[in-house]
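If you want the building blocks of each chain, they are given just below.
Number of protein chains: 4
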Amino acid sequence: MLKVGIYGGSGYTGQELLRLLIGHPDTDIVAITSRKFKNLAVSEVYPAFAGMTDLKFVDSSPQQLVSSCDVVFLAVPHGEAMTVAPVFVAAGVKVIDLSADFRLRDVSVYEEWYTRHTSPDLVQEAVYGLPELYRNELKDANLVANPGCYPTSIILGVAPLLRDGMIDPSSIIADSKSGVSGAGRDLQLGSLFCEVNEGFKAYKIGSHRHTPEIEQELGRIAKTALTISFTPHLVPINRGILSTIYADLNNGISASEIFDLYDNFYGDERFVRICKPGTLPNISSVRGSNNCDIGITVDGRTGRVVIVSVIDNLVKGASGQAVQNMNLMCGLPEGAGLDHISLFP
Amino acid sequence: MLKVGIYGGSGYTGQELLRLLIGHPDTDIVAITSRKFKNLAVSEVYPAFAGMTDLKFVDSSPQQLVSSCDVVFLAVPHGEAMTVAPVFVAAGVKVIDLSADFRLRDVSVYEEWYTRHTSPDLVQEAVYGLPELYRNELKDANLVANPGCYPTSIILGVAPLLRDGMIDPSSIIADSKSGVSGAGRDLQLGSLFCEVNEGFKAYKIGSHRHTPEIEQELGRIAKTALTISFTPHLVPINRGILSTIYADLNNGISASEIFDLYDNFYGDERFVRICKPGTLPNISSVRGSNNCDIGITVDGRTGRVVIVSVIDNLVKGASGQAVQNMNLMCGLPEGAGLDHISLFP
Amino acid sequence: MLKVGIYGGSGYTGQELLRLLIGHPDTDIVAITSRKFKNLAVSEVYPAFAGMTDLKFVDSSPQQLVSSCDVVFLAVPHGEAMTVAPVFVAAGVKVIDLSADFRLRDVSVYEEWYTRHTSPDLVQEAVYGLPELYRNELKDANLVANPGCYPTSIILGVAPLLRDGMIDPSSIIADSKSGVSGAGRDLQLGSLFCEVNEGFKAYKIGSHRHTPEIEQELGRIAKTALTISFTPHLVPINRGILSTIYADLNNGISASEIFDLYDNFYGDERFVRICKPGTLPNISSVRGSNNCDIGITVDGRTGRVVIVSVIDNLVKGASGQAVQNMNLMCGLPEGAGLDHISLFP
Amino acid sequence: MLKVGIYGGSGYTGQELLRLLIGHPDTDIVAITSRKFKNLAVSEVYPAFAGMTDLKFVDSSPQQLVSSCDVVFLAVPHGEAMTVAPVFVAAGVKVIDLSADFRLRDVSVYEEWYTRHTSPDLVQEAVYGLPELYRNELKDANLVANPGCYPTSIILGVAPLLRDGMIDPSSIIADSKSGVSGAGRDLQLGSLFCEVNEGFKAYKIGSHRHTPEIEQELGRIAKTALTISFTPHLVPINRGILSTIYADLNNGISASEIFDLYDNFYGDERFVRICKPGTLPNISSVRGSNNCDIGITVDGRTGRVVIVSVIDNLVKGASGQAVQNMNLMCGLPEGAGLDHISLFP
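Residue numbers (my numbering), protein chains in the order written: chain V, 24 to 368; chain C, 24 to 368; chain B, 24 to 368; chain U, 24 to 368.
Treat the hints loosely; a few may be bogus.
[Unchecked claim] Cut-off 20 Å, straight-line C-alpha distance, at most; resulting in silico cross-link-like pairs (SDA-like, lysine to any residue):
#, chain 1, residue 1, chain 2, residue 2
1, V, LYS299, V, ASP286
2, C, LYS227, V, LYS227
3, C, LYS227, V, GLN211
4, U, LYS79, V, THR302
5, U, LYS61, U, MET24
6, V, LYS227, C, ARG158
7, V, LYS59, B, GLN211
8, B, LYS26, B, SER83
9, C, LYS299, V, GLY213
10, B, LYS59, B, GLY102
11, U, LYS227, B, GLY326
12, V, LYS299, U, GLN87
13, V, LYS26, V, ASP82
Just so you know, these hints were derived from the structure itself, not from any lab.
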């Protein structure tokens, strides 16, 4: 059994890691840390876990955890992850960081969008944890930068088109919609039920921090620097992201070519499902599962292709993908502990 | 007092007309028709109206209504409106048609997207009922084609940019999100609570019937034919539409020029509110009101402008705009009966 | 025009007072106070009010407000209201207090359930602001204790039965369900969207502070002290309270007698609507309106009567009832400014 | 591997059986029937199952299914189940009926509340499928009447009190609240999103068909006939039932005695979790799981005990309990395939 630690367990992603890892056949959770919930039983904080685990939150330091863990998930805010990752890596504990600290390969870009980076050397060691693009590198990785939720939905949606040069890389527009759990469990006015429910809004247009992450990865696939328009929106639901992605299709490409392309690109992927022509995905079909469903529309009138991709932001967009990465890093079957069927309705 | 009829009152737009007209200081509702609810009191079908009106639904023909009405709202499906509108118009009853039957000026376009048109002559008489664009024509109109909900949000959002040639007309992408009342009150699987709630989806990408309506009106403003990408989505809320509209900005135009443009374009408009720079609108700020709120972001990185516009699809997107049109056609103050403040939370 | 002040305008009840008073034909809002939002325009804090008012929040003291106001609404927490009410009352400004500070006639009961009372003398002057029970007293009142939301729904629901001795006063059980706005706009974990949405819970069973208020008023009607079981629940909706009230019916009373009783008791009441036999009320029929809808079921099998009453907790349960009280205190038509039809859907 | 059939798979309970049985380690689903979806792949009807199963819906008769199934779930409406159950039972196929047809032991009571019974003899053979009460009988059962959703929540909530004579059996009031999936997937106006969302209502007060089922089982526990007041309500959420149950406590019983009673009664039960004193359950803690969480409040002021119990109506209230029953009937571990942790948020 793999000995697993969760460093920072008081938010929704920490809790979702618990749900997935308690059900994982090959892991033992040896510790989950939280300053806020120190010494409380997990089941006191999250009654859903009553009877499912005897774990208590501890306020252990990375130094205290290294000896007991084979692998650790960092579920702390950006800025904090970069200070604890080195401790684990140096001790030979494999690290999956769910924050943004190791996602941007260019430290200066990170510092422009986030804050000063205190572990720039480690950035080069990190592997971007999108298994569908970096499976081989992940198998040997000691430090994985788990992708952002929006980037996961957008990169998976548009990667095949970019790799095969089917679209104009400068034309990409990603209009994304996220459930409220993406904002985390912090107390903020904009997360109150009455402020969100029966409303809908866009936010941080053109300035959301996931923008450079998306551009970095799309640029690598396209083998050219590119900028995108990225607009996040808040949907009054708990979980899920849907990204609607627009791009100008190069001349003379048919819809059936595009569908073939996606089928080939994702042929053996367990967690990417391509919708049949004429059908489109719904967030409710992936809720609670690690799937990314992708629907494709070629619009002959405008010469554009419109991709719709959906994920559960807490699973494929965070904790599920983190477990998928752990499986790869640790030689377990990639889908172990991730066979949940979406809960619908 | 203006004598008003509602022809087709069993859906949400009919009901919303009732809410607005009962509260209107200058109108008497003389009849509301419904085959389904014939002889039932309005308050039996919609308990919200108990104590507010003694109206009963009747199953009267247009011929029976003409003598008692000064003005009539048609809230029947497309295809049916074109058969009853001529009766009212011929009898000198002013008509506001909430269906699509008289919105498309080119009958062949209508027939391509909808069905055969049986009153093509009347199409030429109809005025498109967007007061912010056609106020003068509406004052003299006998037949008004009340705009679709999506078109209202998109046309108001992008009209200033097109009129002043600020954007590339071929670059417009409208990503719209609608509450569920937009689907009407018909029994269909996709409108069931459990099918919609906690879900989110796109539908009819590039093929929604509002597409030609939007293109017609934007083309008139731009003084050139154009095509747009239009993607509707379904949001699990009762009311509201938010449209996020992308367009390539012509070179050298600053954000402050754009804000000035919108302020000038909509300066005296009572029902269009421009958000201050740096702020964006929320559907919850217009719920129940006839307002259209518009937020503007100029994204220097990509050279695009991103417009976000919100309306209540049942008010400014349907029944409220219809009342605004009635006010104009009948010489009443344009805002009469439309001074509702949004219900929040 | 009546000069009105709102003391404490940063919460949902303050905001709802604004919505109602801006639309009121006989009032001028001369000031709305808020420490948190001092100097901000109301429309900056609540975009729904853009274009509807030029008011700014001020941080004035009661002493500063007395000279400009004829009447003032106190929308501050309990404990604070009792310290400012005396200033206004002493200056001859009529006061409607939306907090609990003056609702309990027995100061010792108040102190048992709340906190020490610093204005016990004023308690005796206060009139409990339920117009359907205390209309005459309210006309002469200088200080009105506006009822709690749960108490309003329960007292109106069961008053006729108690007055006429139809039920066993010791048998009353009130199972109430409230929308989330009842918890206010404070930042608390339990009010976050993801904590509430798709959930449902009871809270404070047998210990909610509205219990003594309900018992006081029911006891007065029954002319005997009584205790009730009161269980509040949280419903994932913005607005509304539904109370299901059970009581043992005295022998030999028929359903039609009960309906007659309610029809007589509430015959001329504008804001209480009795549902026809066989029909039951829905929160969605009163949303945004000042109505209380009451449905009655006599269950012969068990010998119990089951009353269901619904209100909008922010209107009849708070700000709407406060305006109704203002109208009575100030000699205006009781329903002035309160003719909103429920917003449905 | 156990060969399992699902007879009637087009509704939410059939779909939930699929979710649970696909994940069950000891079962093979050999057939799922549906007239409506005949020949369609399960994944076409429910996209959540894409990649998870190759099953297609068939329109097979019971006669066609008997040879291939060891056990069959009947997920057809009441009235239909009684006509097909005999075919399976006669052929030695174990039957778990999710309808009401075999729940009421007294056929005349069934016929009073439902319809004429065409298999009265089989009624005597059926075992009521509440494992916490009838585990031993279930192990030998050939025909199990799977309990209703409301009854499951209420019976589990109050059984200990009745068995030990702690309460007055004539005083029980059950105020229940259910998510919308309880109404099924049929097209009815009252299940439309806009009719339900932001609303809340009671329905069928004192006349819901689950009433005699609850009374039968509570009466058996109490060893005396009894009647209860049962009021169902509709909550705008997808899944879950919360029942608030009131009863008059016999004299002199302390809260700690009650907690001990529940702890003893449900000591080893895997799927019943008793909340600690001072805490109450939330529907969101059992969503997607087979748990029933029970909170207890002893109200000294009124002499009543208030029990709150929550389940997921589609799991412990239907398909999960059915799988639990299958496990018992077929000699599998009782919890096999039922170890889902609640999906929160």
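Exercise for review: Quick one: which hint numbers does this structure break? Sort them smallest to largest.
Suggested key: 2, 3, 5, 6 and 12
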